[in-house]
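Asker: We have chain A; now place chain B onto it with these hints.
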Amino acid sequence: MNEQDLRHLLTITVEDVRPAHPAVAGWERARRTRRTRRAVGAVALAVTLLGGGAVAALRPPAGPPPDRAVAPTVEPSHAPPVQRLPAELGYPGDPLARLGDPATVPLSARPVRRALALFQPFDEDHRTDGPVRVLGDDGVVRALDVVTPAPTRDRAGNEATALKPGVLSPDGRSAAFAQTGSLLLVDLTTAAVRRIPLDGYLELVVWAGDRVVVGGDDRVYAVDRASGAASPLDVSAWDLVAPDPAAGREAALVEVGGERGGLLLRTRSARDGAVRTEQRITDTVLPTPYQVNEFYGRGWLHGERLARSAWIVSDVIDGAEGVVVLDARTGAVAHVLDLGRDRWKSCCEVLGWDDRGAVLLRLQPGGLLRWHPDTGEVTGVVRNLTGTIALAG
Amino acid sequence: MGTVTTDDGRTSYVAFVEVHQHRLLRAAYLVCGNRHQAEDLLQDALLKLALRWPEVRHRDPAAYVRAILYRDAVSWWRRRRRERLSAQPPEQAAHDRDGALRLTMHDALGQLPTRQRAVLVLRYYEDLTEAATAEALGVTVGTVKSQCHAALRRLREVAPDLARGTRPAPTTPDDLIAGMEVNP
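Order-wise, the sequence lines are chains A and B.
The numbering of the first sequence is the working numbering, which starts it at 1 and goes up by one.
The numbering of the second sequence is the working numbering, which starts it at 394 and goes up by one.
Chain A extracted, bound-state conformation (with noise of 0.2 Å):
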């Protein structure tokens, strides 16, 4: 076989392949998006306006940001298991808002007391990570100078960013970065840096309790955050689901995975990986047509409540992006936030909770919401990010 074999073969595998839809779609698509960004803006924009605040609306925040709650935009109102975006969202204010902003002092400068957040801009024009930046709770924007964490490769060169949801410690003291043959740990509140060799190809982080659990497709190592101890773990590093901060060390780790008609919920001792229970996730709550295929990106727990990604069935199409809320105990699915398909595929990817039982999630393109699964309040905290977040918790 020579060139011109191979040519010609991949042309005849694809001969009859021909696009589904027309040219202007696209556009449609963005035309849509491009509309739902300038309702949002200018509802935020007159929001503040109104608020009494055109002053604060164009002087950079001073001083720390409050540490507070985000107040709801809408009366608390009993919530149907699927719910959707509001036509027009409300950005009510709120400490994360900042993630956006430039860092302006290095880590090593001025490490934080707790950060908040971790985010990798990601530059369109030229395709590429940015450096990572670090917002402290004092809301100030520092860039991660003490080290600078590559992105993972895997056997077959698949590339991941450095930068993933659950890097950052629910205390936002550390960040752990999965590096192939070692593991990244930075005190993020004295920017020092300690490299763990582990062997292999690791790509995914999950913070549990004090340890970080790391690894890739074939294995997962549990790291024990002060000594650095290192123990292999039997558990999915795709599937786990982050444990919530409050529980104890020896909770059970919870994996949720498998695709429409098997998904699974496991449990799973947290000493070794072992099995306890293992049982379907049914999602009878939901009306017809509604159905959940599969889950993407990270699991969050918050107490006994599950929060994930996954693409769903909806009233309008078979592989809508949404956002699951499942009992942990039960597997049985609560709440579903529609997000429709004006989106990128896996736009949507859960970040975690926040202390008032609000799910955090990425929308793209766009920035970050809060959603409330028990009042379908749903509420921006940054517009229009491009790149990668980590959050706190």
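If you're looking for bench data, these hints aren't it; they were derived computationally from the structure.
It cannot be assumed that every hint is accurate.
Unchecked claim - Heads up, incomplete: computed chain B residues facing chain A, CB under 7 Å, no partners named:
1) R403
2) Y406
3) Q414
4) R419
5) E432
6) D433
7) A443
8) L444
9) H499
10) Y517
C-beta: ideal position from N, C-alpha, C; glycine also.
Answerer: Using the frame of chain A, we list chain B on its own:
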């Protein structure tokens, strides 16, 4: 009085997509191994292109959308999903010679990692140079070379008979060719 133009880029965008989408979809299919996934991938890439059209239209929109398409194809969660989908059986049966080759090639490609498949498609379906392939994938030329080499070696392993299918039936034993010989 001249005609007032209110074109916001729609016309040029649609014209661009009409020209390129067929080939892009086929490339996406070769990388994904699944038609629905390829449609998803292309629609996402075209949405991103449309959102950036005012800035990109006067540069090289084909390179821009190609970079999105291929990098998304090998991206994180999508990769996980594709791996499961590509394990599903082929979408249609084929009875003719080309159909059989198509299925064999589809199955053989399905046994390559996504990044290697993307390199093969960019090099031998899109006919890009190594440098342009590297740029589309955001990797070095050295990575393209090594991935291409590994992909071809893997193809030889998983489909040793594939080469024979692309040529007329041999008339003498000397015409039989074992394995592939491709100059990356």
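Asker: Each hint should be assessed against the structure and marked as holding or not.
Answerer: Against the structure, the hints come out as follows:
no.	hint	verdict
1	R403	holds, 5 Å
2	Y406	holds, 5 Å
3	Q414	holds, 5 Å
4	R419	holds, 4 Å
5	E432	holds, 6 Å
6	D433	holds, 6 Å
7	A443	holds, 3 Å
8	L444	holds, 5 Å
9	H499	holds, 6 Å
10	Y517	holds, 5 Å
Checked against the numbered hints listed earlier, the structure breaks none of them; every hint is satisfied.
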